[in-house]
Amino acid sequence: MASPSRVSLQARVRPRGGRRDTAVLALFSATLFLSAGLMFLVQPMFAKLVLPLFGSTPAVWSASMLFFQTTLLAGYLYAHESTRRLGVRRQAALHLGVVLVPLLVLPVGVPADWIPPVESNPVFGLLGLLAVAVGLPFLVVSTTAPLLQRWLAATSHTAAGDPYFLYRASNLGSVLGLLAYPLAVEPSIRLAYEIDSTVERIARDPRLFTYLRVCPGDLDVVLGDARLSLMHAGDRR
Numbered sequence: 142m143a144s145p146s147r148v149s150l151q152a153r154v155r156p157r158g159g160r161r162d163t164a165v166l167a168l169f170s171a172t173l174f175l176s177a178g179l180m181f182l183v184q185p186m187f188a189k190l191v192l193p194l195f196g197s198t199p200a201v202w203s204a205s206m207l208f209f210q211t212t213l214l215a216g217y218l219y220a221h222e223s224t225r226r227l228g229v230r231r232q233a234a235l236h237l238g239v240v241l242v243p244l245l246v247l248p249v250g251v252p253a254d255w256i257p258p259v260e261s262n263p264v265f266g267l268l269g270l271l272a273v274a275v276g277l278p279f280l281v282v283s284t285t286a287p288l289l290q291r292w293l294a295a296t297s298h299t300a301a302g303d304p305y306f307l308y309r310a311s312n313l314g315s316v317l318g319l320l321a322y323p324l325a326v327e328p329s330i331r332l333a334y335e336i337d338s339t340v341e342r343i344a345r346d347p348r349l350f351t352y353l354r355v356c357p358g359d360l361d362v363v364l365g366d367a368r369l370s371l372m373h374a375g376d377r378r
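Mind the numbering: the sequence shown is residues 142 to 378 in my numbering, read in order.
None of these hints come from the bench; they were simulated from the model.
A few of these clues could be false.
Stated by the list, open to error - Simulated restraints on C-beta separations:
hint, residue 1, residue 2, range
1, Ser203, Asp162, 40 to 48 Å
2, Gly196, Leu237, 39 to 47 Å
3, Val246, Arg309, 25 to 33 Å
4, Leu241, Ala301, 23 to 31 Å
5, Arg160, Trp255, 46 to 54 Å
6, Asn262, Arg231, 38 to 46 Å
7, Ser197, Val316, 25 to 33 Å
8, Gln210, Phe306, 19 to 27 Å
Backbone N, C-alpha and C define an ideal beta-carbon position, used for all residues, glycine too.
With the hints as constraints, model all of the structure from the sequences given.
Structure representation (structure tokens):
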């Protein structure tokens with residue numbers, strides 16, 4: 142029979158361990174929820190942002206989804222290979238530095254000096270823009286799910302043997318992030334901002350004025366409900 146002091150000690154230790162396990166699960170679940178929601182929120186948001194720059198064609202959505210899915214697989218590959226080669230402890234130290242790198246390119250957006258390509262395949266220009274503007278932050282965020290599951294599996298947590306239940310948090314975040322853009326974010330974004338920024342970039346393009354010199358008639362640039370009319374130089378009085 143255990144002594145009263147030992148029973149009392151065990152009674153004090155167990156709740157403390159239970160609270161610690163619960164706190165770890167809450168932290169991991171919240172991180173997965175937020176990262177998944179952010180991933181599924183930024184995809185339609187950035188694709189909609191660059192849509193007017195490429196003529197609002199369906200290829201913009203297809204190329205954007207191709208880019209994001211490829212970047213997601215690259216993030217999974219990094220998580221798998223870095224953990225396999227370095228181990229959990231060294232990989233966690235490496236990833237701490239990797240997480241800080243996207244701070245160099247924030248905030249996410251179209252570079253101010255970027256001009257839409259007109260002479261080459263626009264798909265390649267779009268992929269290049271996505272890589273420069275949002276590629277690095279999206280890559281780092283995409284590593285969250287596999288890394289957190291691998292880190293939990295390497296601990297002494299009671300759920301370490303089967304960490305895949307964390308997908309419940311990431312799946313919930315994915316669904317809410319996907320619904321948040323059309324239902325909450327998109328209605329609050331002013332279309333005028335997108336139109337003004339697109340017209341400004343078009344107006345700075347010297348190739349536009351070359352077109353006006355060699356082509357007869359006027360040129361109308363239509364962006365949503367806005368119209369930018371440019372008169373041919375020969376028609377001026």
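Check your understanding: Is 23 to 31 Å right for how far apart the beta carbons of Leu241 and Ala301 are?
Key -> For Ala301 against Leu241, whose Cβ atoms are near 28 Å apart, the range 23 to 31 Å holds.
Point to revise | Range agreement (Cβ of Arg231 with Cβ of Asn262, hint 38 to 46 Å) | key: Once the Cβ atoms are compared, 42 Å apart, the range 38 to 46 Å for Arg231 and Asn262 holds.
Check your understanding: Falls inside 40 to 48 Å, the C-beta gap from Ser203 to Asp162?
Key -> Holds, since Ser203 and Asp162 (Cβ atoms, about 44 Å apart) stay within the stated range.
Review point. How does the Cβ-Cβ distance of Ser197 and Val316 compare with 25 to 33 Å: does it lie in that range?
Key: Because 27 Å falls inside the window, the suggested range holds.
Exercise for review: Take the C-beta atom of Gly196 and the C-beta atom of Leu237, compute their distance, and say whether it sits inside 39 to 47 Å.
Suggested key: Holds - the Cβ-Cβ distance for Gly196 and Leu237, about 42 Å, lies within 39 to 47 Å.
Review point. So does Val246 sit 25 to 33 Å from Arg309, Cβ to Cβ?
Key: holds, 31 Å
Exercise for review: Just tell me: holds or violated, for the beta carbon distance of Arg160 and Trp255 against 46 to 54 Å?
Suggested key: Between Arg160 and Trp255, where Cβ atoms are some 51 Å apart, the hint holds.
Point to revise | Assessment of proposed distance window 19 to 27 Å (beta carbons of Gln210, Phe306) | key: holds, 25 Å
In terms of the numbered hints stated before, the structure departs from none.
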